[in-house]
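Chains as they are written, first to last, in my numbering: chain D, 1 to 328; chain U, 1 to 328; chain Y, 1 to 328; chain H, 1 to 328.
Careful, some of the hints might be misleading.
[As the list claims (entries may be wrong)] Derived BS3-like pairs (lysine-lysine); straight-line CA-CA distance at most 30 Å:
1. Y:Lys42 - U:Lys295
2. U:Lys47 - Y:Lys42
3. D:Lys42 - H:Lys46
4. D:Lys47 - D:Lys198
5. H:Lys130 - D:Lys42
6. U:Lys47 - U:Lys111
7. D:Lys130 - D:Lys47
8. H:Lys295 - D:Lys47
9. U:Lys295 - Y:Lys130
10. D:Lys295 - H:Lys47
11. Y:Lys295 - U:Lys46
12. Y:Lys108 - Y:Lys295
13. D:Lys46 - H:Lys47
14. H:Lys111 - H:Lys46
15. D:Lys130 - H:Lys42
16. U:Lys130 - Y:Lys42
17. Y:Lys47 - U:Lys42
18. D:Lys295 - H:Lys46
19. U:Lys161 - U:Lys198
20. U:Lys130 - U:Lys108
21. U:Lys130 - U:Lys42
22. U:Lys42 - Y:Lys42
23. U:Lys295 - Y:Lys108
24. H:Lys108 - H:Lys295
25. H:Lys42 - D:Lys295
Since the hints were derived computationally from the structure, they do not count as laboratory data.
Please read all numbers here as calculations on a predicted model, not as lab measurements.
Number of protein chains: 4
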Amino acid sequence: MGIIGLGWFGEIHAETIAGIPEIELAALCTRTPERLAAMGEKFGVKKLFRDYNDMLADPEIDAVSICTMWDQHREPAIAALQAGKHVFLEKPIASTVEDARAITEASKGSKGILFIGHIVRFNPRYRMAKQAIDEGRIGRIVALSSRRNIPAAWTPTILEKIGPIVGDAIHDTDIMLWFTGDRVVSTYAQTVDVRGLKFPDIGQTMYRFAGGASATLETVWCMPEKTPFDIDERMSIIGTEGIIHVQDTFPNIGIVDGTRLHSPDTTYWPMFNGVRGGALREEFGYFASCALGGKPVTIGTPENATAALEATLAAEESARTGEIVRIG
Amino acid sequence: MGIIGLGWFGEIHAETIAGIPEIELAALCTRTPERLAAMGEKFGVKKLFRDYNDMLADPEIDAVSICTMWDQHREPAIAALQAGKHVFLEKPIASTVEDARAITEASKGSKGILFIGHIVRFNPRYRMAKQAIDEGRIGRIVALSSRRNIPAAWTPTILEKIGPIVGDAIHDTDIMLWFTGDRVVSTYAQTVDVRGLKFPDIGQTMYRFAGGASATLETVWCMPEKTPFDIDERMSIIGTEGIIHVQDTFPNIGIVDGTRLHSPDTTYWPMFNGVRGGALREEFGYFASCALGGKPVTIGTPENATAALEATLAAEESARTGEIVRIG
Amino acid sequence: MGIIGLGWFGEIHAETIAGIPEIELAALCTRTPERLAAMGEKFGVKKLFRDYNDMLADPEIDAVSICTMWDQHREPAIAALQAGKHVFLEKPIASTVEDARAITEASKGSKGILFIGHIVRFNPRYRMAKQAIDEGRIGRIVALSSRRNIPAAWTPTILEKIGPIVGDAIHDTDIMLWFTGDRVVSTYAQTVDVRGLKFPDIGQTMYRFAGGASATLETVWCMPEKTPFDIDERMSIIGTEGIIHVQDTFPNIGIVDGTRLHSPDTTYWPMFNGVRGGALREEFGYFASCALGGKPVTIGTPENATAALEATLAAEESARTGEIVRIG
Amino acid sequence: MGIIGLGWFGEIHAETIAGIPEIELAALCTRTPERLAAMGEKFGVKKLFRDYNDMLADPEIDAVSICTMWDQHREPAIAALQAGKHVFLEKPIASTVEDARAITEASKGSKGILFIGHIVRFNPRYRMAKQAIDEGRIGRIVALSSRRNIPAAWTPTILEKIGPIVGDAIHDTDIMLWFTGDRVVSTYAQTVDVRGLKFPDIGQTMYRFAGGASATLETVWCMPEKTPFDIDERMSIIGTEGIIHVQDTFPNIGIVDGTRLHSPDTTYWPMFNGVRGGALREEFGYFASCALGGKPVTIGTPENATAALEATLAAEESARTGEIVRIG
């Protein structure tokens with residue numbers, strides 16, 4: 001398997017693949033020669049490419065993970081699918097619905113599978129919630145609310161590329177679509193610009209679903225320095241017969257050291273002995289089992305990823321224009 | 001002191017006044033003779049009235065609490081103020097902004113004080129938060145979010161009279177106005193009708209403040225039978241330099257008995273040995289100290305109560321019309 | 001009312017009495033002239049004494065609170081009771097069981113009441129738990145466990161005078177005796193000396209009750225600088241038919257400012273506008289209602305306080321000797 | 001791989017192995033023919049044995065997991081090791097220290113590896129805590145406390161075979177030994193017999209470590225029917241420079257349905273689509289990587305397992321005799 005794009009998250013992909021026995025990390029690709037050499041050495045990978053087309057031409061590479069910037073997904077994803085590779089594409093699937101549809105289209109004729117990395121579906125709390133919903137234990141879903149807040153220190157670079165609604169509320173949007181089995185028909189959102197970066201730091205989003213359910217989504221990308229949270233992540237799902245509360249990560253673990261209380265991520269990609277585990281490894285395991293076992297992708301499909309993208313782009317439009325935006 | 005209106009909450013007022021040494025519960029008023037007699041006996045009160053004008057004519061009564069339905073506040077409140085009584089008026093101050101202003105006007109010329117029972121300001125968690133905000137510990141407030149959810153079993157009767165936004169989000173609205181020192185300039189809200197009662201069971205509200213802060217407010221009045229919560233109540237206040245999380249009531253106390261896990265209210269009006277304590281007693285203590293000590297009312301003023309009413313009425317209009325509603 | 005002993009907690013008493021309309025703070029007593037003058041000015045109190053006997057001789061003083069060091073309770077308490085004053089005596093009642101019994105004895109013939117300040121009985125969570133236990137909702141109590149941990153920064157001075165078992169586990173001991181209605185028959189305890197102060201910083205205590213129930217009590221007086229907790233306080237009560245969990249204070253309120261996450265006390269003696277509220281005010285209100293209303297003291301009796309003292313002293317003996325200590 | 005012993009946990013092993021690509025579940029062994037046939041059918045396993053010696057004689061079986069009762073570990077474990085199989089042995093390693101040593105001895109000369117299933121070491125929260133401790137972030141450990149409580153409904157059968165101290169506190173004992181790198185020198189424990197089964201339902205244990213640290217461990221095996229917890233599991237580790245709190249599982253996920261609030265296990269062996277994940281799968285993955293990769297076992301060694309057994313057996317002796325028991 002090869003990785004295209006070696007930013008912060010491409011490196012995390014590499015650290016995760018190292019822990020999957022069925023997958024060998026065989027190739028890396030990025031434009032910057034220094035970064036490429038450093039990552040090649042760190043992971044003991046020989047095949048190093050500056051142009052992804054060269055990687056795709058290598059017949060020994062069966063699969064690629066694409067971690068380029070969200071507005072640079074279309075070309076490498078379509079090229080990889082056309083080359084017959086299995087594709088693990090990071091979320092959001094693309095930066096426009098048009099791109100997303102083109103990528104989806106390309107996957108139809110490919111002998112490779114296309115999987116979009118909506119990692120939260122591999123968080124065991126949400127999987128357990130989904131099972132409970134499917135068993136009818138909370139009745140029909142009538143309302144949802146979510147929070148996905150992260151520290152200010154993490155986000156200055158990201159906020160030059162993507163805002164918190166498409167960047168993070170897309171996770172909760174995807175989960176809400178999964179839980180309700182419904183579609184979003186309108187959205188209203190408000191943002192707050194705290195630090196004067198390219199995108200506003202805070203997004204608050206509201207959805208109306210076709211079946212009548214209502215939802216709010218909070219995404220704050222400027223939690224203060226001393227916050228205990230790596231991610232302050234919660235969701236409540238209100239049904240006619242029951243209710244589900246998911247709360248990650250605190251207070252699973254709280255570490256008070258000389259600096260502050262830390263509540264580190266033990267769910268998504270915790271690192272132990274240099275190898276990443278958690279939901280990200282689950283994702284790669286699922287991807288491997290589909291690719292190697294010839295099973296169709298049913299989680300992380302491009303159709304689901306496109307629906308989540310469409311709703312969050314509409315929310316951002318609402319925040320920009322101050323108007324309610326209807327979908328479909 | 002006398003109580004006008006002896007529904008569920010009028011009785012709670014009586015149970016609270018019993019624990020305030022400076023106040024004597026001397027008179028009760030309600031239209032239904034059976035209820036009046038029963039309450040008179042329960043509290044050992046001799047002066048029983050079916051018409052509040054008779055109570056107001058009694059020179060031995062210095063103060064009244066008004067617990068009539070929210071759309072029946074105007075007449076008794078104005079009459080009491082004109083009679084020179086001190087008035088403890090339950091929230092919402094009225095059912096229309098016009099009524100609220102008329103009541104406020106009546107208070108200007110009265111020798112009695114007018115206090116509106118916005119009880120959450122007497123919850124020690126919110127008072128502590130207010131102090132921290134005033135000390136500048138979290139910088140400028142940029143976003144807020146709140147939840148105030150209650151069990152379905154409590155609400156069928158209430159939902160024939162008032163909905164969750166004006167009924168409950170008004171608490172959080174008042175607190176947000178207090179914390180920000182700002183005013184709401186626009187609102188968008190969505191409701192969900194779960195049980196087909198007169199008002200919808202669920203409200204999700206979004207505010208924009210004049211200074212740019214954004215807020216969401218969740219009010220679910222149909223939590224399932226087995227929920228542990230009496231009130232699932234939370235607020236997060238995000239500042240430029242810090243953040244505050246308030247969480248009442250769980251997990252302060254969890255009682256697992258033969259039926260379920262209970263997380264009873266120990267904050268607002270817990271009853272011990274037949275007498276109510278908590279924030280409601282704080283409120284009455286504050287009311288008594290203003291009334292007896294000649295101090296001006298600075299918490300629970302009619303102006304603040306009117307601002308909170310105006311914002312929540314606008315939110316309800318938004319939910320009804322599907323449009324953003326601007327204020328002022 | 002007068003206060004004897006103006007250390008840290010005597011001042012808190014004064015700040016609390018200021019909020020009790022039935023009580024007038026009329027006199028102060030401490031040996032240090034500077035402290036006495038400063039406190040007199042702060043609270044606007046005219047009657048300032050360096051010898052408590054002078055205060056007790058003043059017929060205008062009806063009641064005293066005694067906040068001297070725990071091994072200096074006997075003389076002022078007995079003198080005050082013999083002078084016919086109502087006495088609010090801070091916990092522990094004394095430093096030896098013999099002293100405790102002498103004080104109790106003195107209260108029998110006095111026209112003043114004797115109340116021992118076991119404040120946790122006025123925490124609404126424990127009161128609610130007690131009610132649930134008395135209603136039979138959790139069946140017969142078979143086991144209990146508690147924690148009462150405080151920051152290291154608070155304790156260097158205290159640890160020169162008293163250790164965490166008699167100093168703090170006595171609260172939970174008193175509550176466990178109250179909840180079970182039973183007595184402790186044996187104890188085993190271990191301490192850990194972390195900072196080399198006069199008393200060890202950490203105590204872990206185990207009790208066996210006469211009726212067979214078992215209990216553990218944790219008291220750590222050296223939580224690190226960045227702990228969010230003012231008090232990390234919890235109790236679980238396991239019954240044959242149910243279970244109760246009490247958790248104070250976090251996460252009621254969490255304030256993240258520039259230094260760390262704070263979870264300040266909003267239960268015991270929170271200060272708002274310079275006046276203390278919470279359980280400490282409840283205690284003074286109860287004391288006033290007994291003293292003024294001629295009601296017998298049933299909470300905070302010297303007999304209960306002596307039983308809690310006896311158990312914790314036995315636990316400290318166990319920790320010193322390494323042996324199990326049996327009682328009674 | 002084969003499984004010896006097909007009780008409740010042997011079946012869970014089978015459900016877990018199904019999700020490990022490197023391991024094939026090839027053989028099953030139990031005495032009861034009906035159970036053997038049913039499990040063979042459920043998991044599609046052909047090789048079914050009633051005598052484990054027959055399984056061990058099969059050269060196609062490289063590894064076995066042993067899930068027999070804790071006092072029936074010695075013979076199959078030694079036989080399997082002598083047959084050169086890799087052995088995954090469930091905790092406790094044995095029912096006596098003598099048996100544990102004999103099994104350990106047998107592993108020395110075997111070409112198979114011996115791994116003891118101390119699953120909590122694979123819980124990411126404890127692993128994260130261990131990392132923080134090893135990095136020196138909390139200084140030297142001075143005290144620990146733990147809870148591991150489970151519902152009464154789960155335990156009547158288990159309590160005929162093993163008590164909560166050796167059955168469950170052994171997990172926390174192992175973790176405490178791991179965290180401190182120390183050994184237990186004395187123990188005092190108390191048990192409470194609630195339901196009159198063979199072993200008492202409740203254990204409260206105290207340890208003293210050689211280096212001076214003190215610990216309490218709570219294990220209640222009779223939580224009431226309506227408790228939200230599958231496992232109420234917590235640990236606090238108090239260091240000279242910091243503190244760590246681990247809290248599994250609640251409130252990660254709370255599901256309120258028609259019966260009660262549930263907080264299901266999402267950490268140890270959650271089942272999704274019929275396959276077990278979580279820490280149990282981590283364990284099997286670790287076992288497979290050692291067995292297939294020729295790596296030595298460093299987690300779950302028989303020496304560590306024996307130390308934890310010895311401490312918990314001493315605690316049970318203390319509870320039986322009422323005396324402090326010293327070790328080593």
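Hints versus structure:
About 22 Å separates the Cα atoms of Y:Lys42 and U:Lys295, which keeps this hinted pair within 30 Å; it holds. A threshold of 30 Å between alpha carbons decides the hint, and for U:Lys47 with Y:Lys42 the separation of about 44 Å lies outside it, so the pair is violated. For the hint linking D:Lys42 to H:Lys46, the alpha-carbon distance of about 45 Å lies beyond 30 Å, and the restraint is violated. Our distance criterion of 30 Å between C-alpha atoms is broken by D:Lys47 and D:Lys198, whose separation comes to about 36 Å.
Proposed proximity of H:Lys130 and D:Lys42 is supported: the alpha carbons are some 25 Å apart, at most 30 Å. Among the hinted pairs, U:Lys47 with U:Lys111 is consistent with the structure: their alpha-carbon atoms are about 23 Å apart, no more than 30 Å. With a C-alpha separation of about 41 Å, the suggested pair D:Lys130 and D:Lys47 falls outside the 30 Å cut-off, and the hint is violated. The suggested pairing of H:Lys295 with D:Lys47 holds, with an alpha-carbon distance near 28 Å, which does not exceed 30 Å.
Pair hint U:Lys295 plus Y:Lys130 does not hold up; C-alpha atoms about 38 Å apart against a cutoff of 30 Å. Restraint check: the Cα-Cα separation between D:Lys295 and H:Lys47 comes to about 28 Å, which is no more than 30 Å; the hinted pair holds. Distance check on the hinted pair: Y:Lys295 and U:Lys46 sit about 25 Å apart at the alpha-carbon level, within 30 Å; holds. Straight-line distance between C-alpha atoms of Y:Lys108 and Y:Lys295 comes to about 15 Å, which keeps the hinted pair within the 30 Å bound.
With a C-alpha separation of about 44 Å, the suggested pairing of D:Lys46 with H:Lys47 is violated against the 30 Å cut-off. For the proposed pair H:Lys111 and H:Lys46, the alpha carbon gap of about 26 Å is at most 30 Å, so the pair holds. Taking the CA atoms of D:Lys130 and H:Lys42, the gap is near 25 Å; set against the 30 Å cutoff, the hint holds. Restraint check for U:Lys130 and Y:Lys42: the C-alpha separation of about 25 Å stays at or below 30 Å, so the hint holds.
At most 30 Å may separate the alpha-carbon atoms for a hinted pair to count; Y:Lys47 and U:Lys42 exceed this at roughly 44 Å. The hinted pair formed by D:Lys295 and H:Lys46 meets the criterion: a straight-line CA distance of about 25 Å does not exceed 30 Å. Between U:Lys161 and U:Lys198 the alpha-carbon distance is near 8 Å, which keeps this suggested pair within the 30 Å criterion. Only pairs whose Cα atoms come within 30 Å are accepted, and U:Lys130 paired with U:Lys108 is accepted, the gap being roughly 28 Å.
Using a Cα cut-off of 30 Å, the hinted pair U:Lys130 and U:Lys42 is violated, with the two alpha carbons roughly 38 Å apart. Of the pairs offered as hints, the one joining U:Lys42 and Y:Lys42 is violated, with about 44 Å between alpha carbons and a cut-off of 30 Å exceeded. About 43 Å separates the Cα atoms of U:Lys295 and Y:Lys108, which puts this hinted pair outside 30 Å; it is violated. Restraint check: the Cα-Cα separation between H:Lys108 and H:Lys295 comes to about 15 Å, which is no more than 30 Å; the hinted pair holds.
Distance hint between H:Lys42 and D:Lys295 is fulfilled; the C-alpha atoms sit about 22 Å from each other, no more than 30 Å.
Figure legend: structure checked against the earlier numbered hints; hints not met, in rising order: 2, 3, 4, 7, 9, 13, 17, 21, 22 and 23.
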